[in-house]
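Protein chains in written order, with the numbering used here: chain A, 1 to 302; chain B, 1001 to 1254; chain C, 2001 to 2292.
Hints are computed from structural coordinates only; laboratory data are not their basis. Every residue, glycine too, gets a C-beta built ideally from N, C-alpha and C. Among the clues, some could well be false.
Claimed, not checked - Quick list of simulated restraints, FRET-style, between CB atoms:
| hint | chain 1 | residue 1 | chain 2 | residue 2 | range |
| --- | --- | --- | --- | --- | --- |
| 1 | B | 1067 | A | 9 | 17 to 25 Å |
| 2 | C | 2032 | B | 1154 | 47 to 55 Å |
| 3 | B | 1087 | A | 180 | 20 to 28 Å |
| 4 | C | 2090 | A | 172 | 29 to 37 Å |
| 5 | C | 2249 | A | 180 | 46 to 54 Å |
| 6 | C | 2171 | A | 173 | 30 to 38 Å |
| 7 | C | 2187 | A | 76 | 51 to 59 Å |
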Amino acid sequence: MAPSTLTTLISPAELSYLRSSLALVPPIRPDARTPTQFRPLVAEIDILPSTNGSARMVWGDGGECVVGIKAEVEPTEPTSYGKRRNWVEVGVEVQGQRDDDPLGVFLGMTVGESLLTPTSTLTERLVITPKFHWKLYIDILLITPPLSHPATLLSLSTNLALRSTRIPRLISESDEDPIFDDDWDASIPLYSITSQLPPITLLVVSVEERNIFFDPTREELSVGDCVLAISLASSPAHDAPKVIGVRTLESGTGGIAADAKDGVVAASIGGVKRRVIKRIIKESLSVGKEVFESLQGVVDAN
Amino acid sequence: MSRHELLSPEGLRIDGRRWNELRLFEARLSTTTAADGSSYVEWGNTKIICTVAGPVEPKMGSNRSQDGATVVVEVCFAAFSGNDRKKRARGDKRVQEMQTALQRTFSEAILTQLHPRSEILITLHILSQDGSVLAACVNACTLALVDAGVPMSDYVVACTAGSYFVRGGNNPEDEGEDPLLDMNNLEEADLPSVTVGTIGGGEKITLLQLETKVRLEKLEGMMAVALDGCGKLRELMDEIVRAHGNEVVRRIAL
Amino acid sequence: MPRELEPSTSEKTFVLEALKQKLRIDGRDFESFRGLELSFGEDYGLADVQLGKTRVLARVSAEVAKPFSDRPFDGIFQITTELGPMASPAFETGRQTEQEVLLARLIEKAIRRSGAIDTESLCIVAGQKCWQVRVDVHFLHHDGGLVDASCIAVVAALQHFRRPDVSVEGEKIIIHTLTERVPVPLSILHVPICVTYSFYHGGEISLVDATLQEEQLRDGDMTITLNKFGEVCQIAKAGGLPIGALALLQCARVALVKVQEITAFIQKRLEEDQTLRTRRDNLLESTAENPR
């Protein structure tokens, strides 16, 4: 069976069945998970010895993501501060697709932009001397893309990889050409315990007014009213994370209604109410906190 | 890195091996559940993921052949796999050459006549390069094909060997060339090396690649050492496959 | 994409049966090359090779350029091989077929990677100016043995080529024209020659220098590149029929003999061309008398 694309073909009967079970109070998910429960996944860091940082995650549906981070020294152009966005380059490679595939580009941008928000201090830590800086190359490899949207997988893997990234320690004076310590044990982690952690993106689906689901499967994505990708950043004090971005994704129904006939449940028209969005964001904060804690657990275990 | 250090006078190489020792070869099958067959090979620091899809209906009509299945190989070097970060273009000639070599090697070993008008798609992701990349790709492909249940006549095993020039020093009789088994990155950069691929670890060679200059007399020694390495690897791979098979049976039985 | 005409079943049976009886269609024995013809052009650096019916042209040119930033002490040496419809209707310009990629890689490994040319001698001013030597190979007719023929053409052209002499005065570089100062040959470290073997009947039969028909019917092939000193520059056996190691080594030994013959042949031709040139260039000193 060849790896499938993101379009799914589901019959109206199946759609109706899914929607009615998800619209119940309390909802019943096809795999009997609770609304905030994630599928079992595998996460490991520091798997590639030739990189500055690396991570690998296997998602619940079998999709695999390997992220490798390399840092290279680059001379700093004495121009405006705005050029610092070029200091982080994200490349996404999805198996079986061209390099300029829109999905790859979109995913790369999602990850890249959420790293370079105005509040992130990442670029400050990349400065070596006034004349040189580190250029961070984040290369993401998606193997057999999951049958659901890979945004969460990507962001969580990138988060872990960044957390495991170490930069060689500088031993030269600030005016000279930079020379680094050869001892890898003396290297400095890119994200120390006091710096703001790299953001994550969570995919959330809402059905009707009250039901909100995390880690949606492909079927749940097709019957949801509203699909949001919420980017969250956590501060070092480990209090509630903050929302740094909300993106809407195409949901299966897209607000187009089918006439309710013979007990076939129809989807709602025209998007969702404001309070639903508010509720979604509120729930994401608590789930996001749990996700950050489990990521911390992975990092600590190494 | 001076050549002197690649083989110390005591007979130890940079990573502590002797001339005829293989690096640690570890592999896992069925690592990617979504693919028909998959494998993950770690040979020293060379790490490769291989997935197999097939036999499936060919997407391109030109791949549909009455005589047998068409084998299509795709190799992707991850940008972080080498020492420097390098994003390779898709049409890179070296990558295409590797793809052709793998495709022809496996077309020979797979019993393609059992699946006419279909295609077997092999995808390799190279996560980390530390020498013997082509040989590791061959081994990863074999394991993934076994996992996918594609019929083959035997394991296709590949190994590398190199030649280290020993300087005579005081005694001119000591001078000569020592073959080395299983080259890593540092050794491949400095020394000539040959990649040998066999079907079944026997004497018959299906893949032979030499890209650096070496004297003809030394070639025989290198090839013999590589063939010996192939034999050892075949046993290792067979053990891995059997262990995996037992595990699968055990899980089904539970 | 037009495909090559495949040999008919009766052709195939005939050729393969004949091989079993140790006969080749053109009457050669299994280890001979076809008739090799080599001629040079008026200008330096043009070689025209005819291997049987296969005809390949190689042209060397040099110009001053900036060296690569990661190799400031080396010149640039490039070989381009493009198969076009002139060689055979099966080829298309612009589309890189598998065969073309393999051919380009083989020539590159054999000549460029093995260091046939000393690129350091091409440096003029380190980091700023160097010679960029470029070899363009044109395929005029394809009747098998493209790799062998193009390799011979390239090495012959490289040995034949003369680049303008250069004098450096501080930062200024003066390139002397060909008439002002005697042009300088390239610094050739060794002469690699490719020999392609074709295998049939499960590896029992191996042929040197297959014609197009024999190429289409072969079960496996191997290209081995050696120089006359007995150094193997590259071996490429990309899959195909499995052959015993001893048989392959025997092929390599036979190839060495062939390579030595061909190298001597190229050398002879180069010397003949050189005497022709000196006689022609010294025309100014010759007389206007008619031969008696």
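For which of the previously enumerated hints does the structure constitute a violation, in increasing order of number?
-> 1, 2, 4, 7
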